[in-house]
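> Here are the chains, one letter per residue:
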Amino acid sequence: MATRAILAPFSAEFPSSNFPQLMLVNTRPVLAFDASTSETAYWTFAIPQGWTGTVTAVISYAMASAVSGGVAFDVALESITSGDAVDLDAGNSFDTVNAGNDSAVPGTAGYMEQISITLSNLDSAAAGDYVRVSLARDVADANDTATGDCYVLAVEIRDGA
Amino acid sequence: MALLPEADRLRIWRGLMRYWSSVGETTAFTKPDLKAAVDAIDTFLENNAAAINSALPQPFRGNATVEQKAVLLSGVIAMRYTKEWLRKLVGEVE
Numbered sequence: 001m002a003t004r005a006i007l008a009p010f011s012a013e014f015p016s017s018n019f020p021q022l023m024l025v026n027t028r029p030v031l032a033f034d035a036s037t038s039e040t041a042y043w044t045f046a047i048p049q050g051w052t053g054t055v056t057a058v059i060s061y062a063m064a065s066a067v068s069g070g071v072a073f074d075v076a077l078e079s080i081t082s083g084d085a086v087d088l089d090a091g092n093s094f095d096t097v098n099a100g101n102d103s104a105v106p107g108t109a110g111y112m113e114q115i116s117i118t119l120s121n122l123d124s125a126a127a128g129d130y131v132r133v134s135l136a137r138d139v140a141d142a143n144d145t146a147t148g149d150c151y152v153l154a155v156e157i158r159d160g161a
Numbered sequence: 001m002a003l004l005p006e007a008d009r010l011r012i013w014r015g016l017m018r019y020w021s022s023v024g025e026t027t028a029f030t031k032p033d034l035k036a037a038v039d040a041i042d043t044f045l046e047n048n049a050a051a052i053n054s055a056l057p058q059p060f061r062g063n064a065t066v067e068q069k070a071v072l073l074s075g076v077i078a079m080r081y082t083k084e085w086l087r088k089l090v091g092e093v094e
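As given, the protein sequences belong to chains A and B, one line each in that order. Residue numbering for the first sequence follows our numbering, beginning at 1 and increasing consecutively. Residue numbering for the second sequence follows our numbering, beginning at 1 and increasing consecutively.
Hint data in this document are derived by calculation from the structure and do not stem from the laboratory. No residue lacks a Cβ here, since even glycine has one placed at the ideal position from N, Cα and C. Take the hints with a grain of salt, since some may be wrong.
Unchecked claim - Simulated coverage check for chain A against chain B, where a stretch passes if three residues somewhere in it have a Cβ under 8 Å from a Cβ of chain B: (1) 34–41; (2) 62–70; (3) 139–146.
Stated by the list, open to error - To list a few chain A residues with every Cβ distance to chain B over 12 Å, as calculated: (4) Asn26; (5) Pro29; (6) Trp51; (7) Ile80; (8) Ala90; (9) Met112; (10) Ser124; (11) Arg132.
Given only the sequences and the hints, what does the whole structure look like? Please build it.
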């Protein structure tokens, strides 16, 4: 198992609307995902050499105020190989989302927990591909019941599990 | 006045969650719990609007607008439980 990418708040890319707020909480950079409007952030990297096995996204998060309920996230990949027929300046080609949740947020707001989401839908990502990862809080998911903002602190992409 | 439209109830629900997140106040209830509470309070106020109005003495009751009575009610509730909320509503109170 190896860490293949670390997706941090300051390196996030944002759509023109419905994106999490980048902010500092106790000097820690976080992405604040709203509880009622689904917001999305993106990150870009190249798939490293040696990419293999089951890939997992590990989301480190803390809640701004909630101490009960759960939180749900969707992670999707868009992987572009050299020569692919994808017009990058005209649209996206993300694979089906990979969904995951934490059914019980920490009992104290501000405490950190992690959600591991297996990325079964990888858009055929292979070493050397240009890839974007999207992260969205699925506020409509039945498991997303925690009130208020969810602070995402970092996302780790692991392979070889 | 009729019950609030669902869109307005959702605005309250959404706004409260964002407010409590912004001040870092612990919320020991879920999103559905909060929505049910918003709905219940709106229904209660609708069902008891006449009684609340009857509690107001004359001549205030006859001279104040519905909106002024609503602000009065929210101000008294705010002062009973959270003076800072009252300041947000009406400004400095000292």
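> Hint by hint, note whether the structure agrees.
Do the hints match the structure? See the list:
1. Using a Cβ-Cβ cut-off of 8 Å, 4 residues of the region 34–41 of chain A lie near chain B, which meets the minimum of three, so the contact claim holds.
2. For the region 62–70 of chain A, the stated coverage by chain B is satisfied: 6 residues place a CB nearer than 8 Å to a CB of that chain, which reaches the threshold of 3.
3. With 3 residues carrying a beta carbon less than 8 Å from a beta carbon of chain B, the region 139–146 of chain A meets the three-residue requirement, and the given coverage holds.
4. Remark: the non-interface label on Asn26 (chain A) conflicts with the geometry, its nearest Cβ contact in chain B lying 10 Å away (cut-off 12 Å).
5. Against chain B, the non-interface label of Pro29 (chain A) holds: every CB pair exceeds 12 Å, the least being about 17 Å.
6. Once the 12 Å rule is applied to beta carbons, Trp51 (chain A) is consistent with being away from chain B; the minimum gap is 37 Å.
7. Here Ile80 (chain A) stays apart from chain B, with its beta-carbon at least about 36 Å from theirs, past the 12 Å limit.
8. Non-interface call for Ala90 (chain A) relative to chain B: holds, since the shortest CB-CB distance, roughly 33 Å, exceeds 12 Å.
9. With 12 Å as the threshold on Cβ separation, the claim that Met112 (chain A) sits away from chain B holds: the shortest Cβ distance comes to roughly 15 Å.
10. The claim that Ser124 (chain A) is not at the interface with chain B holds, since no C-beta of that chain comes within 12 Å of its own (minimum 36 Å).
11. Distance to chain B confirms Arg132 (chain A) as a non-interface residue, since its nearest Cβ pair spans about 28 Å, more than 12 Å.
In summary, the one numbered hint that this structure violates is 4.
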